[in-house]
Amino acid sequence: MTNTPPNLIPMSMPGGKSATEIGYHVLSVLVENKAGVLARVAQLFSRRGYNIYSLAVAPTDDERFSRLTVVVDLESVTLEQITKQLHKLINVIKITEIDPRESVQQELLLAIVAADTQSRSQIMELAGIFGAKVIDVGLERLTLALADTPDRLDDFTDLIKVFGIIEVQRTGRVALTKLARPSNRGGMNKGKAS
Amino acid sequence: MRITGAQALVKSLEMQGVDVVFGLPGGAILPVYDPIIDSPIRHILVRHEQGAGHMAEGYAQATNKPGVAIVTSGPAATNIVTALADAYMDSIPIVVITGQVATTSIGTDAFQEADTTGITMSITKHNWLIKDASEIPQVVKEAFHVATTGRPGPVLIDLPKDVSNQMMDWYWPESVDLPGYKPNTKGHPRSIAAAAKLIKEAKRPVFYIGGGVIRSGGSEALKVLVDKCNMPVVTTLMGRGAFPDDHPLCLGMPGMHGTYTAITAMQKSDLLITLGARFDDRVTGKVSGFAPDAKIIHVDIDPAELGKVRRADVPIVGDVKLVIEELIEALDKGEVGEMAFSITQEWHDQLKSWQEQFPLRYEEDPKDGSLKPQYVVECLSKLAPEGTILASGVGQHQMWGSQYWHFNDANTWINSGGLGTMGFAIPAAIGAKVGRPDKMVWAVDGDGCFQMTAQELVTASAERIPVKIALLNNAYLGMVRQWQEMFYEQRYSEVYLSPDLPDYVKWAEAMGCVAFRVETPEDVIPTIEKANQINDRSVVIEFRTDWREKVFPMVPSGATNDEVVLGPMFEGR
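Chains X and F are the protein sequences, given in the same order.
Sequential numbering of the first sequence, starting at 1, is according to the working numbering.
Sequential numbering of the second sequence, starting at 1, is according to the working numbering.
None of these hints come from the bench; they were simulated from the model.
Every value quoted in this text rests on a predicted model; they were computed, and no experiment measured them.
We put the beta carbon where it would ideally sit given N, CA and C, even for glycine.
Errors might be hidden in some of the hints.
[As the list claims (entries may be wrong)] A few chain F residues that face chain X, going by a derived Cβ cut-off under 10 Å, partial list only: (1) A102; (2) G118; (3) K131; (4) E174; (5) P179; (6) G180; (7) Y181; (8) V224; (9) A304; (10) G307.
Could you put the whole structure together from the sequences, leaning on the hints where they help?
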């Protein structure tokens, strides 16, 4: 019946962006270090139907502030709407969207792997290749720790699966903007922590 | 000066200029009620905490000043949750202070303990749990600042009993310390210029006016802008009164039960100049079919509203009043100033012809002599002194109130728009009368709504706050009945309330009101005139209205605004 207006935001394609841009985005949120702030952020996401993929929180070097690194899933809503709603929280000071191409991102993985005398050396070798550390040793098990990019952690997990993973834990992602280089003067201050 | 936390709270409210609070005491808030005896602040003792919240809202809507409510912990806090949610939806500045169990008992499931800050987190602009009495003046100052600046809204301060009793050194803070809260009020000059250009270029423009214009005190400025542009205006349910209904450019209310002309003008428009409105689903109908040819200028102080529902061609973050003033200047400045307005005479003619063809209509002289609710509201409006405030509950009577009352001033229409809170009318009217004792305050209410909050008429009588209630008694939850009739094959499920149970006249009299019952059209005017003469007591008029009446026009839920149902008065034309 009616023509779809050109400036309408279709719900299935947030912000009219191409499909490749949809997916996970990393937001670095500087908040006041006060009681209940995490609850406010979490409740905002839940109440507005936004999905959190992962979340990491820690105080910054300035103890008045904490930094939340939130990986958000943009299935149902635009990133713009999420950041605007987050900004409405009184305790939120600054929100930076972290572009994967312009940032360094790390997660920490801890994994208990089945390691009998036969497989142990193979696991150790694999750990060596990935730069993972053995942080605990049992008679038939090893606990490995690896801090790296989410992709590398995925790869590592896939490989050690073969030996039998007893338990695995991953942290939320933390990220910082890449440092400025002489060829990239525009981003001089982007890497500041707080 | 060493004083208790409770004294500091009351003193902080005084410093903040509060002259009246609505409340009800209880265990955890007891320490605060002691210094209230010695304070010049007037305390109005409500009969239910929800009433305190809605009174604070009514006060705020009538005065544009923040309303304040004080209640105790636990059930009192949960009782006021509805009012907080209501104020959050409609951007009403209220400050609610709740008692809390002692800090040492928090988290132990103590008597009358509830996680008030947790419960109200998503329905307040911000809330505070005070842990030390020294924070009280700072938090009170911040709370009023947050409630009244930017996009106004409710805030809550949760005050544990031991903190109220704790001694502190009194101080009054010079400023607020909110590093994460810096609302933008001035529109970006480049956007203002772009908006002015679109306004000059538009052939079929419509001003889409929301409650933000009232909250920002921008209605005078709006009149100047509209007269300068000579462009039609629609005022949303929250924006009624922001622009006078008797102005020839006013098309009335848009949306689900708006006028045909207001709805269709937006549909056919090529530019919506959106000021302090939020593209609510009740206004847009099916969003994908809403105003398909219109470019959008969207002015709002809340950046999150811009692009939330409909992408704006020119989004402007700013205080609506300031932006209107900036727009008025920009229309005369530079290149845009040289341009002529492009609005066409055909557009004006088209609107006029719609207004003539499809006005609001109801059966004015029914053969069976039944009493039409629209007639009652029309008479109330005609007989009301200038500047009378009308409060409303939620349902059919609210729509008839909005449609048939003639609004000419901002802050004279007080209703629950976004949340749709039944029972809002009576406490809101009381709050409005407290804020504006110089004005007559009427409430239009339904029988369903009346039964939810009528007990506050006891408050009105006891505190000598004379309000007038027009109770449109159709013996049904009328709006629900209308939907069941139209969309559920007339299968009426749990909507019948009975016309005479309770006996509303006896009930009103028992609460200290003067009460009348009107059953025929002939009695409407004389009884309203009688009520208007009574200034020392509250009055309830129960109108036995025609239960068959439905609200029209109507855009059925989920339909586009092209599908306006005009109702039986237009059938066969």
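Here's how the hints hold up against the structure:
1. Against a cut-off of 10 Å between C-beta atoms, the interface hint on A102(F) is violated, since the closest Cβ of chain X lies about 17 Å away.
2. Look at G118(F): its Cβ gets to within about 7 Å of chain X, closer than 10 Å, so that hint holds up.
3. A distance limit of 10 Å between C-beta atoms decides the matter here; for K131(F) the minimum to chain X is near 8 Å, and the interface restraint holds.
4. Because the closest C-beta pair between E174(F) and chain X is about 19 Å apart, greater than 10 Å, the hint is violated.
5. With 10 Å as the threshold, the beta carbon of P179(F) comes within range of chain X, its nearest partner Cβ sitting at about 5 Å, so the hint holds.
6. Taking 10 Å as the C-beta contact cut-off toward chain X, the hint placing G180(F) at the interface holds, the least distance being around 4 Å.
7. Restraint check, Y181(F) versus chain X: the minimum CB separation of about 5 Å is within 10 Å; hint holds.
8. Hint on V224(F) is violated. Least Cβ distance to chain X is approximately 29 Å, over the 10 Å limit.
9. Because the beta carbon of A304(F) sits about 4 Å from the nearest beta carbon in chain X, less than 10 Å, this interface hint is met.
10. The interface hint given for G307(F) holds, since its Cβ lies 6 Å from the closest Cβ of chain X, which is under the 10 Å cut-off.
Checked against the numbered hints listed earlier, the structure breaks hints 1, 4, 8; every other hint is satisfied.
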